[in-house]
Amino acid sequence: MSRTMFVVAFVFSAACAHLAANAAPFTLKSESVNFPDSDKTFPGPGADAINNNCLSCHSAGMVLTQPALSKDAWTAEVHKMIANYKAPIDPNDVDAIVAYLVRTKGK
Amino acid sequence: MSSGLENDSHRHAMTRRYLLGAAGLGGLALSLRGACAETVDLPLPGGPDERDITTAFPQKGAMILQRTRPPLLETPWSVFDKGVFTPNDQFYVRWHWAVIPTSVDINTFKLNVHGHVNQTVSLSLQDVLAMPQVELAAVNQCSGNSRGFFEPRVAGGEWANGAMGNAKWTGVRLKDVLDRAGVKPGAVQVRFNGLDEPVVPDAPDFKKSLAIDHARDGEVMLAYAMNGEQLPVLNGFPLRLVVPGWYATYWVKMVSDIEVLDQPDDNYWTKTAYTIPDTPRANVTPGQTGVKMIPINRMVPRSFITNVSAGATLPAAKPSLLRGIAFGGDSGVASVDVSTDGGKTWTPAQLGKDEGKYSFRQWQSQITLPSAGKYSLAVRCKNASGEAQPDTPNWNGSGFMRNVIETTNVVAS
Numbered sequence: 000m001s002r003t004m005f006v007v008a009f010v011f012s013a014a015c016a017h018l019a020a021n022a023a024p025f026t027l028k029s030e031s032v033n034f035p036d037s038d039k040t041f042p043g044p045g046a047d048a049i050n051n052n053c054l055s056c057h058s059a060g061m062v063l064t065q066p067a068l069s070k071d072a073w074t075a076e077v078h079k080m081i082a083n084y085k086a087p088i089d090p091n092d093v094d095a096i097v098a099y100l101v102r103t104k105g106k
Numbered sequence: 000m001s002s003g004l005e006n007d008s009h010r011h012a013m014t015r016r017y018l019l020g021a022a023g024l025g026g027l028a029l030s031l032r033g034a035c036a037e038t039v040d041l042p043l044p045g046g047p048d049e050r051d052i053t054t055a056f057p058q059k060g061a062m063i064l065q066r067t068r069p070p071l072l073e074t075p076w077s078v079f080d081k082g083v084f085t086p087n088d089q090f091y092v093r094w095h096w097a098v099i100p101t102s103v104d105i106n107t108f109k110l111n112v113h114g115h116v117n118q119t120v121s122l123s124l125q126d127v128l129a130m131p132q133v134e135l136a137a138v139n140q141c142s143g144n145s146r147g148f149f150e151p152r153v154a155g156g157e158w159a160n161g162a163m164g165n166a167k168w169t170g171v172r173l174k175d176v177l178d179r180a181g182v183k184p185g186a187v188q189v190r191f192n193g194l195d196e197p198v199v200p201d202a203p204d205f206k207k208s209l210a211i212d213h214a215r216d217g218e219v220m221l222a223y224a225m226n227g228e229q230l231p232v233l234n235g236f237p238l239r240l241v242v243p244g245w246y247a248t249y250w251v252k253m254v255s256d257i258e259v260l261d262q263p264d265d266n267y268w269t270k271t272a273y274t275i276p277d278t279p280r281a282n283v284t285p286g287q288t289g290v291k292m293i294p295i296n297r298m299v300p301r302s303f304i305t306n307v308s309a310g311a312t313l314p315a316a317k318p319s320l321l322r323g324i325a326f327g328g329d330s331g332v333a334s335v336d337v338s339t340d341g342g343k344t345w346t347p348a349q350l351g352k353d354e355g356k357y358s359f360r361q362w363q364s365q366i367t368l369p370s371a372g373k374y375s376l377a378v379r380c381k382n383a384s385g386e387a388q389p390d391t392p393n394w395n396g397s398g399f400m401r402n403v404i405e406t407t408n409v410v411a412s
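Protein sequence lines correspond, in order, to chains A and B. Each residue of the first sequence is one higher than the last, beginning at 0 in numbering that gives the first Met the number 0. Each residue of the second sequence is one higher than the last, beginning at 0 in numbering that gives the first Met the number 0.
Bound-form chain A, shown alone (with noise of 0.2 angstroms):
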C-alpha cells in the first residue's frame, strides 16, 4: 500500500515539476503560405560577379548590412561559403567577389 502510494506520488510530483499537463486536446489546421522575396542587388561597380554567384543562396540585404572588416575577414568569408556551405563560385570570379566586398565593407 505504502510503495504504491510512494509511485502515485512520485508519478504526480514528476508531472508538476515540467507541465501543467491539460486535458484539453489540440487540434491542428494545415497552412499554406508565400514568403516575400528580394529583387535587391549589390549596386555600383565590379558588382557583377557578386550579383552573378551569391544571390541563389541568399538576398543581399544581410551582406549589405555587414560591418566594414579586413580583406583577410572577406575572403575567409567567401572561401566558407565555397568550402562549407557548397556555393557554385566560379574560380574565377573569387578576386572578383573579394573585391566587391573590400572596396565596399572594407577597413
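Hints listed in this document are in silico derivations from the structure and should not be mistaken for laboratory results. This one's a predicted model, so the numbers in the text were calculated from it and none came from an experiment. Cβ coordinates follow ideal geometry from the N, Cα and C atoms, glycine included. Worth double-checking, as some hints may not be accurate.
Covered by chain A, per the in silico footprint, the following chain B stretches (three or more residues, Cβ under 8 angstroms) [claimed, not checked]:
| # | segment |
| --- | --- |
| 1 | 62-71 |
| 2 | 102-110 |
| 3 | 154-166 |
| 4 | 194-206 |
| 5 | 221-229 |
| 6 | 264-273 |
In silico DSSO-like cross-links for lysine-lysine, where the CA-CA straight-line distance does not exceed 27 angstroms [claimed, not checked]:
| # | chain 1 | residue 1 | chain 2 | residue 2 |
| --- | --- | --- | --- | --- |
| 7 | B | LYS291 | A | LYS70 |
| 8 | B | LYS167 | B | LYS81 |
| 9 | B | LYS206 | A | LYS28 |
| 10 | A | LYS28 | B | LYS109 |
| 11 | A | LYS28 | B | LYS291 |
| 12 | B | LYS167 | A | LYS28 |
Dock chain B against the given chain A, drawing on the hints supplied.
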C-alpha cells in the same frame, strides 16, 4: 564600466524614409502598401545601423528585416516591454537554407523515427496529438543574439538584442516519441532534421543532434503549439524541437525526421558549425588560435531594461519605475539587481511572477536619480546555479553567447 559596454539598443529611433521621390514608377508599384517604409536604427558600433521594418512575412506583424531569403527577422525591442511572453506574430525568425516549404498538409505530414531503434515508426500528427500533452515556458534565443554589439565586429547576422523570445510551448515529450520506436542499447545521440533543404544539392542539410540522455530527459519536447496557438510556419509549423535552457540552434523547426545514432554525429551542423571556444564564457582574444572548440550548448543569464531607452530623460529627485526582463539560461532567475551609477552600487529588483525556470522573468525597481545630470543605468541577473552576468563582454569569432551586463545611459533633469 567602460563606454564599450553601452547598449543603446533600446533607443531604436524610428524614422520614416519616404520612397516616392527616389523610387520611380517601378518602386511606386512595389510600395503602394504604404507609400513609405518604416526603418529602425540599431545602435551597432560602427554601423551600418539602418534596417527596414517589414510586415511582408506571413503570420508576422512588424519585424526588423535582417535578411529576406532565407528569412532573418528580429523582434522589435518595444515588444519585450509588453509582457513576459513574446507574441507569435513578432517572435524572431532564423532560417539557414532558403528552401522552406510554404505549405504543410496536416493529413499527410509524417514524423519518422528510425536508426538505432527496435522498430522504425512513422507518426501522423494525429498520432502525436494523441500522446500525453505537456506544457513548458522557455526562452528561445539565437546563439548569435546581440552579435552586432561584438567589438571588434564579426561577420554574420548583425542582430541587436531581439533574436530571442519567450513562449509557452505545448507538445509532447521527446522521450515519449523515442519510446514509440524503442531506443536500442548503445545509442549515443539523437539527430533531428526538418523539412527545409539547402538550395545547392550537395550542401549540408541542416540537422542537429543531442546526446541520448539529454534527448530522453523528459524536458526536451516536440512542440505543436506556442502561446496556445499552432506554430507560425516561420517558427517551425507543425512540430518544433524545444530544448529548454539551450541555444536555439538545437530547436530544429519543421521536424520530420528523428534518427537515433550509435556513433557521434559527424554532420557539418553538429560537428563544425555552431562551435564555441572551450573557455570560460566562450571568450577568446581576437586573433587567438589553437583553441579547442566544442558545440555550443546551454544558455547563460541575461537581463535587460525594457521601459527606458538610452538617451531618455528621467525626472531628477523623483521616483521613476524601471522595468525589464531577465532569464537565467539553463536555470531559474535567482536575483536581479539594478544600478544607477554604472555598476558601482546595486539594489535588488522586485521579481514578477515565476513562469518556470526556463522562462523570461519580469522585474521592476523604483529608482530615484538624486539630481540633474547623466546616469548609467545597469541591470544584472544571477541564476539559481549561482552564475552571474559578467561586467566585461566576451568575444569569439562567431559572435556567440553575449551576456555582459547591459548599460543604458540616461539624463535626469
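Exercise for the section: Report the numbers of all earlier hints that the structure fails to satisfy, in ascending order. Expected result: Of the numbered hints given earlier, the structure breaks just one, which is hint 11.
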